[in-house]
Each structure stands twice: as C-alpha cells, then as structure tokens.
Amino acid sequence: MNNAFKFLLVIVLFASLNGCGVQTKKSDDATSTFSRQIKPAESTSPAVLALIKKARVDAMNGELEKAMLRLERAVRIEPANAVIWHYMAKLFLQQENYKQAAGYASRSNSMARADKSLVIDNWRIIAHARFRLGNRKGALKAQDRINQLQQ
Amino acid sequence: MPPRRPRKKSVSNTNRKKAPQKKKRAQAGQQKKQIRKKQSTKASIASKIKWRYVILFFLLLFSLYVLFLDIIVLKKFDGKRWALPAKVYARPLELYSGLNLSKATFLDELKLLGFRNKAKPESPGSYMVSGDDVLLTTRAFRFWDEKTDSKILKISFTDYSISSVYDYLDEREIDIIRMEPAIIGGIYPAHKEDRVLVKIESVPELLKSAIRIVEDRHFYLHHGLHYKGIARALWANIRAGKTVQGGSTLTQQLVKNFFLSNTRSLWRKLNEAIMSLLLEFHFDKDEIFEAYINEVYLGQDKARAIHGFGLASRFYFDKNLDDLELHQVAMLVALVKGPSYYSPRRYSKRLLKRRNLVIDLLAEFKMITLTEAEQAKRKSLGIIKTKPSSISSHPAFLDLVKRQLKTFYRDKDLASEGLQIFTTLDPLLQKKVEKIVERKTKWLDKRKHLEKNLQAATIITNTTNSEILALVGGRNPEEAGFNRALDAIRPIGSLIKPAVYLAALQQDNFNPLTLLNDKKVHIKGPAGDVWSPRNYDKKEHGAVALYQALTHSYNLATVRLGLKIGFEPIQQTIRDMGVKRKIPAYPSVLLGSVNMSPYEVTQMYHSLASGGFNMPLNAIREVLAIDGTPLKRFALKVQQTLDVDKVTVLNSILRNVLQIGTAKRIHYKMPPDFNAAGKTGTTNDLRDSWFAGFSAQHLVVSWLGTDDNRSTGLSGSSGALEIWSDIMRTISTKPLVFNSNASVEYLAIDPVSLKRVNVSCENAVLLALSRDDIPAEQGNCQ
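One line per chain: the protein sequences are E and C, in this order.
In terms of our numbering, the first sequence opens at residue 1 and continues consecutively.
In terms of our numbering, the second sequence opens at residue 1 and continues consecutively.
Note that these hints are calculated values from the structure, not bench results.
These numbers come from a predicted model, not from an experiment.
A couple of the hints might just be wrong.
[Claimed, not checked] The list that follows gives simulated cross-link-like pairs (lysine to aspartate or glutamate, EDC-like), each with its CA atoms no further than 16 Å apart:
| hint | chain 1 | residue 1 | chain 2 | residue 2 |
| --- | --- | --- | --- | --- |
| 1 | E | Lys66 | C | Glu622 |
| 2 | C | Lys637 | E | Glu96 |
| 3 | C | Lys519 | C | Glu540 |
| 4 | E | Lys66 | C | Glu146 |
| 5 | C | Lys154 | C | Asp133 |
| 6 | C | Lys632 | E | Glu65 |
| 7 | E | Lys53 | C | Asp175 |
| 8 | E | Lys53 | C | Asp145 |
| 9 | C | Lys637 | E | Glu72 |
| 10 | C | Lys734 | E | Glu78 |
| 11 | E | Lys54 | C | Asp175 |
| 12 | E | Lys54 | C | Asp145 |
| 13 | E | Lys66 | C | Asp145 |
| 14 | C | Lys637 | E | Glu65 |
| 15 | C | Lys632 | C | Asp145 |
| 16 | E | Lys54 | C | Glu146 |
| 17 | C | Lys452 | C | Asp707 |
| 18 | C | Lys632 | E | Glu63 |
[Unchecked claim] Per label pair, the in silico range of CB-to-CB distance:
| hint | chain 1 | residue 1 | chain 2 | residue 2 | range |
| --- | --- | --- | --- | --- | --- |
| 19 | E | Leu149 | C | Lys519 | 39 to 47 Å |
| 20 | C | Asn741 | E | Gly138 | 19 to 27 Å |
| 21 | E | Asp144 | C | Glu173 | 43 to 51 Å |
| 22 | E | Pro46 | C | Ser102 | 17 to 25 Å |
[What the hints assert, rightly or not] Residues on chain C that point at chain E, a partial pick, calculated with CB under 10 Å:
| hint | residue |
| --- | --- |
| 23 | Gly98 |
| 24 | Val644 |
| 25 | Ala696 |
| 26 | Ser743 |
Using N, Cα and C, we set each Cβ at its ideal position, and we do this for glycine too.
For reference, chain E alone in the conformation it holds in the complex:
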C-alpha cells in the first residue's frame, strides 16, 4: 500500500469517526459523543455507570466540560477502566483538543489490550488527532496499527 493511498484511507477514516472533530463544538449528532460500539464492561460498578450516564446526557446537551468532570470522577473510582479513558478521549476530540485526545486514547490503550475493538477505536482517535495536529507521518503510522489489528 503506498503512502498516498494510506493517506486517503486516513481521511476516509476521519469521516467515519464518531463525534468527529470537524463538527461544531455543540454536536448535532450528540448521541455519538460516546461511541455506540464501545460499551462499558459488565464489571463496571453502578457508581461509574451512573456517572457515565449523566456524562452522556451532559454531552448531548453540549455541556462537554461538565461531561468531562463526571468522567474524571468515574476514573477516580475505576482508574483502570479503559472505556472511561476512551470516552474522555472522544470528548477531547469533540472539543478539538487533539493533543489530549491522543494522550487519553493512548492511556486507554495501555489498559485495554484484550479489547480489540476498543484498541482499534483508540488508534482511530490517535490517527485523527495526529492528522489534525499536522503530524501526517504519525497519522499514517497509527493507520498501519489499525490495519494490523483489523487483519
């Protein structure tokens, strides 16, 4: 696969990303703020689930900071819950804070090794964030990881 083709693929990927950063801050498609595919694990405690639920409502209302604060509370309760870190990465993406989106997605990945779909989604965030930050090479590298994982 040559680089130009890969780059095209990256761009197509961005379009498919939920809660994609090209949207305005108050997302019209707000239900997609938190990935529809990535659901909290069954072992997630009721306290954390309650916070995630509230955060989702906040995000739907465009109150991204409030949503972030609730997820921060959730992550204090379950620090190793990769899904919460993933949701936070998505919120950063929506806020167009690409540096943090990539950081949180990497952190999520460092905890979510067994959950392939979550890892892939995190790499998508990383690829998109890198692209937005002007790191084309890094974005292509992230795309390589996605391709590897999808094989």
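With chain E fixed as given, assemble chain C onto it according to the hints.
Same frame as chain E, now just chain C:
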C-alpha cells in the same frame, strides 16, 4: 456727587471770611459723615455678602465632604463589604457501594466537616451511628458542575467498605453521592484578616440580644447616634477628667472598625458621627447589625486577626455560632470591649469577671433566668487548647495551591474576591501522613543523635490522575515556612538510576537479562582528576544481569552502562519523565549527583507509576467565584512520552527492589497482598535519604535530611523507606499488578542461570520481559 449750593455774600471781611469758613467746615463734616455713613453701609452690605459667600463656600465644602464620605460608605458597605480570603477546600468524598472506607474513617470525615452527633439527625450537618449504619443529613452544596441538595442518608458498612447508600427521602438505594468538601484553609491578604461570614437570620437570638444589651441598648431606636448617651458619656468624662465612658452606638463602632483608624481625635469623632448617620440613612438596621457581627475584632492568632463572631466562635470553641452555650455567648460579647485587655488565653480571670457581668446583665434584662445565669457563671471559659484544624492547617499544601494559582490569579484577587478553590487534598490521608512523618522523624532523630535537626518531606499522588493527595513540608507539619517538599533542592542519588536503565531498555540491545560488568571504573575528568566510584558495599560483583544491577543499586555497573549508551538518551529519558531541569552530561550524574526537589522527583517517578505517561502534578481541580460561578477547571493533561511496554519491564525490576533488593528489609512488615515498585536513594556521606515508590494507586516520595546539609547517618533504606513503608501500610492501596499481554510476558527467571523457570521455584525472580527477550531455554529450580 450731590449738587453744590450757591455761595452767600459775607457782611464784614473777617466776619465775612470766618462765618462762611465755619459753615463750610460744618458742611464738610456733614458731607464726610454722610459719605462715611454711606461707605459703612456699603461695607456692611459687602461684608454681609462676603460672609454669606464664606458660609456658602464652607457649606459647599462640607457638603462635598459629606458626599465624599457617602461615596466611601456606599462603596464599601454596598459592595463586597469585606476583602474575603479565598476558601480552599479538600477533595469531596464520594460515597458509593463498594467504596473501600471503614465506618471509623467515615466518622473522621464527618468530624472534619463539622457534623454533630445527634439523637435525631434531621438537621443538615448532623448524624447518628446505629450499629453498622450511619444515619446523616447532608448539607446542600454548590459544586463546579451542580448544586447538590441536602439529603437524609443511611450509609451501611461492612468491615472495611460501604455496602449501601440509601436515600430516605427518595426511598431508594443511590449509586453515588458526593459529600460537601471540608475547608482546609484560606488565602489571606497581607494583614491577614479572617472571618467566617454569618447571616443575621442564622445568628442566635441570645447573642443578638446580648450584644445590644451590653453595647447599645437603643440600637433599634436611634439614627446612628444616641445623643443622650453621648451627653452622659461626655459628662462622666468631664467629671473624671479622662475618658471613662464611651457613648458609641453599634453603628459608630462599625464605622470606626470599617472606615477609620484607631486614633482618638475630634476629627475622627466627627467623621464617625457623619458616617454613622449616612450608614443609617442608606441601610436598614439588620444590615448594619449583620455587618457589625461579621466585622467586630475579637482576637488575634499570631499574624491573623480574628474578625466577627462566626470565626471567633470557631477559633475559641471550635463550634458554629448556633451551637454555642450561654456562657460561651457571654464570653464572646465580653470580648468586644477589648480582645487584648481581656485576652482569653492571657487574662482569663479578667475575662471571666467581665463574662459574668454580661451574664448578670442578661438576667437583669430577663433574657435568661437567674438559675440559668448562676449555672452559666459557674462554668469555666471553656476555650479549646489548640486551634481547630480547619482554619490554618496543612500550610505546605496551601503553599503549593497558591503557587499553582499564581499563574492565573493576582495575589490581591486571591486574598479578597472570596474565590472558592477546590483542591485534590485528601484530608484524612494528609493527617495520617503528618502523624507518620512526625513520629518517624522523631524516632530516627533520636536514634542517630541528630538533636532535632532531621527534617522531612513527603508527597503522595494518585497514580491515575497525578493529583496530589497529601504533602508534608517538614517534620512539624503545622509549621509554615521553608517548604521542603517544594524547595529543598537536593542530590537525588540512586533515584536517577531507573532513568539510566530505562534509557538502556529503550535501545534494542538491552533487556533485563543482559549481562553488565560491575567492575571498578576510573574516569578522567577534564582537569586531569580521576573519578573512581564505588559500590555501597564497597565490593565488585563482576558479571551481573541488568535487572540485578538495578535491584541492588550497583554503582559500577550503572556507570559502565551509562557510559555505554551515552548521556544524550539518558537526558532525553529524564526529560520524557517530566523533569524540566537541565541535566548536565558528566559521569557522576549517572549516580545521581543532580539536584532536585521532592516535588520534581515525584513528577519524575509519576511517569513510571502511570505506566509511561507524563502528567503534570496537580493540586487544584476547580476554581469558583464567590457566588458559585465556575471560573476555571484544571483538567488532567496526559501525554504518552515513554514506551508503555518498556516501562512495564522497568517497573517489574523496581518491584524486585522491594522483594530482594535494597528495600527488601521492609517486605516482611507489609501485608501479604502488598505489591509495589520503588527505588532507594542515598547521597554522599549519608546526607540525603530518599525513597520513591508506587502501588497501583499511590505514588509516595519521601526525603530525609538536614537543612544545613550534614550527614544524617541514614541510607535510603534505613531512613526514608521507614516513612514510605509506614505510609503504604497505613493507607489502603491497590497492589501493583503485572499482566502478560501481546507484547510483554510476566514470568519467573532463575537468578543464577537466567533461564525461565517454574514460578513455584523458591529463588525465582518475577520479571516482565518483551516477548522477543524471553529465554528460549526452560531451567530447573536451583
């Protein structure tokens, strides 16, 4: 000019000459008189007009002056009224089923929040214990994101955790609830005025009546000045020849405290009178009374002035105003006359006499019965010995909060705008750590004959989000001043080694089993001097595996390794670990002859504790304005700067430091499920003793040394590790867990053959290895 009269002809020459001369003179005199009269009339009119102008001018001036005073009165009184120090809060405690929290710890938190134990805990801020349950009514509180209402809850506990949180009003179990956070201090202006503001409605009737009876009985009748009172005082003073009686109303006292200096002069008295009238003109009595209750000066706590009954009640009795008993109310009112002259701690007899006078007055005015008065008079002053913890404890942590805020707010705003600062401090953990540091420092000090010179600094962070949970800046945690946690910049010794080894592991040709040479090394300096480092045990260990060299902190192997990989990758790794300080490139740096503060070490080790992420340490979560408007949030910043797998490998070696390495001496003291990683640090002549280590949940960095940099006689293991292990043992912390994954395997290695062995082998060492580095051969137990 009047018309001239025609001259009459004269009879004789002389007579003719004399007679008309007389006439002339008389006429001239008359004319002069007339002129003078006219002139004087003119002058009097002019002078009258002049005086009018003068009076008018002065009246105008006076009006302008009154207007000026009016502006002052309105501006200060109608605006904020007080420079309000920023309120600093601890973290709020989140309650949910499954939380690792014992009932006793929860009750400690309630105590910090000022909750009262009541038979019927129906009012906000009250609780009762019933077996394994705690029933309580929470207070409403405004957080950054939402306002929580007061709730009646039942929290059920098992031995060490919460089993359920039940809401009585909604009649259902609730998933999670945030308690209000405890106040841990304030950021005061230079003159350090402090107050706890109270609303007039919440001030007990008895206190209000007592103030009026003692200070101003006609408060609700006069317009700011009580003329009869002034006259009576004046007469008494004239008779005595000195000031024996004051006729000031509450309004005048407030004006004096609020706007004027303490000097006694007629001019000030005049200003006081005008401003009192103005104040009464603009504001109603209750507003003035409320301001008085909050403003009156009631004592001094070193540099901090105690203003208002709200704070005085906390300061002297550690109680809220509405919890005060009769004799305590009377004491506070007695203090108004002169907090220094009647100082409760210095002149208690004098104050007791005046307090009883106040009690008598209350009885005289039928506010209390004679029996109540007699009972109250028999009581001692009942002032608390130490000041309540919530006022000015944890100065080292507050110092850090101020420094972090300084980037965003001016000192003036911090001290006057009444900002609400929500911090990350865990007050219960902080107290535990303070106690441990105090106790252990004392013990080690005695053992090493350091004559109370041994000093300490400790920082604890949450490894998840880099929040600072506790910070101790000296052996006496209450003492403000030199904050060693932030400002003791000392050589870090072997604490640097993980950075050297991580830099090596990040290169392809090094893994934990790579053999290094622990043999004497001589390095020539630029000036021709030779540096020959030695091991702590002064021995050479020959060929050792990389993990063994780090576990046992071998200096010679480390120097050789460092020289092999070069300074640049090591400097880069240290930067990636979050250290901003420039690290020089000379060989002794490899053994830690580089200075850092405990705070910087914490930042550095946080990158390992978090699994390879650089996250700036944070002491603040949010800042709110006085009215609860959200102003600023300090969100966690995450950046992956290190290879996650390599950090896992390194951490598995650092875990062995506590199992078989330089810190193994505490291992047997720890609970069986305890699992952590860390590193000891000792500097030349045992001047500094360090330990930095982390579980899955907490990173603890501990330093011991003296301010004058003398030898402590303590190594990292015999000193700082003592404090570290005590802290880790006391707090409930999640153990560090190593799991195998696609790229790293956690396995057992035989320390002699360095082959993979069964995990049940007695001497087997557990290590995380990259899948490419796993030895192909399976060995047997040695």
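Now for the hints, and whether the structure bears them out:
1. E/Lys66 with C/Glu622: holds, 12 Å
2. C/Lys637 with E/Glu96: holds, 14 Å
3. C/Lys519 with C/Glu540: holds, 5 Å
4. E/Lys66 with C/Glu146: holds, 9 Å
5. C/Lys154 with C/Asp133: holds, 6 Å
6. C/Lys632 with E/Glu65: Since the Cα atoms of lysine 632 of chain C and glutamate 65 of chain E sit roughly 11 Å apart, the hinted pair holds (cutoff 16 Å).
7. E/Lys53 with C/Asp175: holds, 12 Å
8. E/Lys53 with C/Asp145: holds, 15 Å
9. C/Lys637 with E/Glu72: holds, 12 Å
10. C/Lys734 with E/Glu78: holds, 11 Å
11. E/Lys54 with C/Asp175: Holds, because 12 Å separates the two Cα atoms, which is no more than 16 Å.
12. E/Lys54 with C/Asp145: holds, 11 Å
13. E/Lys66 with C/Asp145: Holds. Lysine 66 of chain E to aspartate 145 of chain C sits at ~6 Å (cutoff 16 Å).
14. C/Lys637 with E/Glu65: holds, 14 Å
15. C/Lys632 with C/Asp145: Distance ~12 Å between lysine 632 of chain C and aspartate 145 of chain C Cα, so the pair holds.
16. E/Lys54 with C/Glu146: Judged against 16 Å, a Cα distance of about 12 Å means the pair holds.
17. C/Lys452 with C/Asp707: With a Cα-Cα distance of about 11 Å, the restraint between lysine 452 of chain C and aspartate 707 of chain C holds, given a limit of 16 Å.
18. C/Lys632 with E/Glu63: holds, 15 Å
19. E/Leu149 with C/Lys519: 39 to 47 Å: Roughly 46 Å apart at Cβ, these two residues keep to the hinted range, so it holds.
20. C/Asn741 with E/Gly138: 19 to 27 Å: holds, 23 Å
21. E/Asp144 with C/Glu173: 43 to 51 Å: holds, 48 Å
22. E/Pro46 with C/Ser102: 17 to 25 Å: Holds, at about 21 Å.
23. Gly98: This interface hint holds because 6 Å falls under the 10 Å limit.
24. Val644: holds, 5 Å
25. Ala696: holds, 8 Å
26. Ser743: Given a least distance of 8 Å, the restraint on serine 743 of chain C holds.
Consistency note: the structure conflicts with none of the earlier hints.
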